[in-house]
Every structure is written in structure tokens, then in C-alpha cells.
Amino acid sequence: MTSVLVELPSDDVEVRIAVDAARARDEGPRAVIVLAHGAGAGMDHPFLTGVADTFAGAGFDVVRFAFPYAQRGRRMPGPAAHAVAAWRAVFAHAARRRPEVPMIAAGRSYGGRMASMAAAEGVIAPAALVYLGYPLHPPGAPDKVRADHLPAITAPQLFVSGTADPFLQPLEQFTAVVDGLPRASILWVEDAGHSFEVRGAKRDSAVIGADIAQRVEPWIGKALGR
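Residue 735 is where the sequence shown starts when you use my numbering, and the numbers rise one by one after that.
Hints listed in this document are in silico derivations from the structure and should not be mistaken for laboratory results.
In this text, all values refer to a predicted model and were calculated from it rather than measured experimentally.
Don't be surprised by glycine CBs; every beta carbon is placed ideally from N, CA and C.
One thing to keep in mind: the hints can contain errors.
Quick list of simulated restraints, FRET-style, between CB atoms [unchecked claim]:
id : residue 1 : residue 2 : range
1  : G807      : G959      : 35 to 43 Å
2  : R830      : T888      : 19 to 27 Å
3  : G934      : A758      : 30 to 38 Å
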């Protein structure tokens with residue numbers, strides 16, 4: 735098992751990482767994408783592996799990792815500071831492994847939000863950030879917006895979002911938040927929910943993840959200028 739040490743206030747934990755290496759790239763990867771899982775599913779969830787495999791096929795190294803709570807077999811995320819510490823450790827490890835290429839932070843739902851917090855605090859300095867289902871607020875609670883830190887991020891940000899996602903309703907509120915950010919845009923997935931599932935269209939989670947990665951790849955290329 736490949737692992738990275740995450741230093742926490744109370745103790746330290748070794749979190750598992752997995753690398754999906756870029757394929758058919760003799761000159762090395764276009765960039766490294768550090769990819770975090772969501773709160774309800776781990777780093778080996780088919781959606782995440784579908785995303786990672788597709789990005790690897792497009793010439794990116796992809797580093798997936800487990801948050802400390804998941805590494806310890808717990809169901810609920812711990813303090814946000816623990817997730818930010820994990821982002822710090824894994825991002826630094828990935829940068830040391832490939833210092834010659836840009837670094838991108840990406841995450842599914844909670845994992846993306848924790849990436850944004852790490853970037854806003856200056857703990858990581860990605861060339862771009864990709865949020866796969868950013869949870870703007872808990873479902874049914876649009877008054878509890880989790881976006882105050884986002885304006886502190888100077889790197890380009892892409893919010894990949896389903897128009898039927900209950901974490902974003904009303905969509906006008908979400909659009910206003912993103913429009914107020916300096917270098918941010920939304921990639922809408924029509925009729926998709928929080929997991930990018932579309933009612934009445936059954937697809938395997940890995941296939942959904944692959945489709946999302948294919949949609950995101952052109953934006954990454956443009957953001958990196960390559």
C-alpha cells in the first residue's frame with residue numbers, strides 16, 4: 735500500500751493513495767490531478783475510478799487518496815481541519831513526485847469543498863480547481879451557504895453541476911455565487927442530480943464518471959494553456 739503521512743492536531747495517520755498514471759505519453763503527463771472522494775463514498779468508488787481512468791487516458795497523472803476519517807473506517811467526516819491537512823500532505827507528495835508539471839485539485843462534493851478551503855487558506859496552490867458536484871448548501875437549506883471562502887481563490891475554478899442537484903437549489907442562487915468569483919465558470923449537466931444521475935436513464939457509476947471527465951478535459955486544457 736502506498737500511503738502519505740497526515741499530521742493532525744491530536745495524532746498522525748497514514749492515508750492510502752493510488753496513482754492512475756498517464757497513458758501513451760512518452761514525454762510525461764500533461765499535469766497531475768489530485769482527486770478527492772466525497773463524504774459518502776471512498777476513493778475506490780466506481781464514479782471516482784471512472785473519472786481517474788478517463789483522465790489518465792487523456793494524458794494526466796491522477797492521484798486519489800483517502801481522507802483520515804475514511805482511512806480509519808468511519809462513516810462521517812471529521813473536522814474540516816483534518817481534511818485540509820490531508821490535502822496539504824497529499825498535494826505536497828504529488829508535487830514532489832512530478833515537480834515539472836502543473837498541479838490540479840479536484841474533488842467529488844465534500845472532497846471538492848475541502849480542496850477549495852485548502853486553496854483559500856493557502857495550504858495548496860493548484861493551477862486550477864475542479865468541483866464535481868459542489869455542495870453549496872445542505873438540501874432544503876439555501877440559507878446555509880458554504881461559499882464565503884471562495885473569493886479568496888485566485889486560480890481558475892470549474893463547478894461541474896447537475897441542474898437537478900438539491901444541494902444547489904435554487905439554481906439562481908448558485909449562479910450568482912459563481913458569477914461573483916474572479917475566474918470561475920459552471921459546466922452544467924442537464925437534469926442530473928448530485929451524483930450526476932439522470933432520472934429514467936440508468937448508467938453505471940463508472941460510466942457516469944468517465945462521461946464527466948470527458949466533459950471536463952477541454953476546460954483543463956484551456957485553463958493550463960496546453
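Hints, one by one, checked against the model:
no.: 1; hint: G807 to G959: 35 to 43 Å; result: holds, 42 Å
no.: 2; hint: R830 to T888: 19 to 27 Å; result: holds, 23 Å
no.: 3; hint: G934 to A758: 30 to 38 Å; result: holds, 36 Å
Consistency with the previously given hints is maintained throughout, with no hint failing.
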